[in-house]
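Sequence lines, in order, name chains A and B.
In terms of our numbering, the first sequence is residues 56 to 171.
In terms of our numbering, the second sequence is residues 7 to 118.
Don't take each hint at face value.
[Stated by the list, open to error] Below, a list of computed lysine to any residue pairs in the SDA-like style, where the Cα atoms sit at most 20 Å apart:
hint	chain 1	residue 1	chain 2	residue 2
1	B	Lys105	A	Val117
2	A	Lys96	B	Lys63
3	B	Lys63	A	Arg92
4	B	Lys63	A	Ser157
5	B	Lys105	A	Thr112
6	B	Lys105	A	Thr86
7	B	Lys9	A	Phe83
8	A	Lys75	A	Lys96
9	B	Lys105	A	Arg155
Since the hints were derived computationally from the structure, they do not count as laboratory data.
A quick note: this is a predicted structure, and the numbers were derived from the prediction, not measured.
So the chains spell out like this:
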Amino acid sequence: GAVVSQHPSWVICKSGTSVKIECRSLDFQATTMFWYRQFPKQSLMLMATSNEGSKATYEQGVEKDKFLINHASLTLSTLTVTSAHPEDSSFYICSARDNRASTEAFFGQGTRLTVV
Amino acid sequence: SQKIEQNSEALNIQEGKTATLTCNYTNYSPAYLQWYRQDPGRGPVFLLLIRENEKEKRKERLKVTFDTTLKQSLFHITASQPADSATYLCAPLNTGFQKLVFGTGTRLLVSP
């Protein structure tokens with residue numbers, strides 16, 4: 056299957072700093088990317104959906120100024136957690152899909168963010 | 007509001023038995039329903055998709071049913087193995103597939 060590479064796999068940052076997470080589709084064009092957050096023993100919560108070249112659509116309750124999503128190319132999307140706080144510590148996962156080819160979505164390995 | 011419900015309690019079964027997981031949804035009119043598997047600390051992996059006009063879909067030891075009247079999908083793993091232990095997630099999809107939203111997930115534990 057198609058490969059989605061997410062980087063970094065884990066990161067520790069100080070409270071108040073910003074962290075950028077990258078999500079790349081390696082062998083297909085990701086027309087749509089999804090960003091999720093997952094707390095321990097809970098399901099994935101969709102944060103936002105982004106289509107290449109367009110602004111992301113955020114789910115209710117997700118602060119768009121805090122979680123900046125950029126999907127400038129068909130192979131790369133980034134999520135920046137700005138002014139991170141300990142409550143932002145979570146597992147962040149991206150997913151990518153080529154709308155023209157398939158309904159299947161491919162997931163990255165996830166990023167474990169710890170804010171201290 | 008839209009809801010996707012799966013058994014939140016873990017399902018414990020013995021190796022060799024059939025595991026059946028349930029996905030119920032409300033305020034959706036899905037054109038498709040997908041099932042994914044997630045292992046701890048990893049991203050989900052796609053397993054199966056079933057369309058609204060399909061009653062049943064099979065792939066090796068997996069079988070999915072889709073009842074749009076009951077607004078329910080059942081996911082079966084036959085001849086289960088310890089390696090099948092994971093969390094299984096369902097995702098109903100509307101036509102156009104703008105969003106991929108998951109149910110709460112059901113953890114399956116297959117003991118030898």
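Structure-based check of all given hints:
A C-alpha spacing of about 15 Å is found between Lys105 (chain B) and Val117 (chain A), which places the hinted pair at or below 20 Å, so the restraint holds. Only pairs whose Cα atoms come within 20 Å are accepted, and Lys96 (chain A) paired with Lys63 (chain B) is rejected, the gap being roughly 29 Å. Between the alpha carbons of Lys63 (chain B) and Arg92 (chain A) the distance comes to roughly 30 Å, so the proposed pair goes past 20 Å and is violated. A hinted pair counts as satisfied when its Cα atoms are at most 20 Å apart, and Lys63 (chain B) with Ser157 (chain A) qualifies at roughly 17 Å.
Note on Lys105 (chain B) and Thr112 (chain A): the hinted pairing holds, with a Cα-Cα distance of about 10 Å set against a maximum of 20 Å. At roughly 13 Å between alpha-carbon atoms, Lys105 (chain B) and Thr86 (chain A) fall within 20 Å of each other, so this suggested pair holds. Proposed proximity of Lys9 (chain B) and Phe83 (chain A) is contradicted: the alpha carbons are some 31 Å apart, above 20 Å. In summary, the hint linking Lys75 (chain A) to Lys96 (chain A) is not supported, as the alpha carbons are separated by about 24 Å, beyond the 20 Å threshold.
For the hint pairing Lys105 (chain B) with Arg155 (chain A), the CA-to-CA distance comes to about 15 Å; that is within 20 Å, so the pair holds.
The structure fails to meet hints 2, 3, 7, 8 from the earlier list, while all remaining hints are met.
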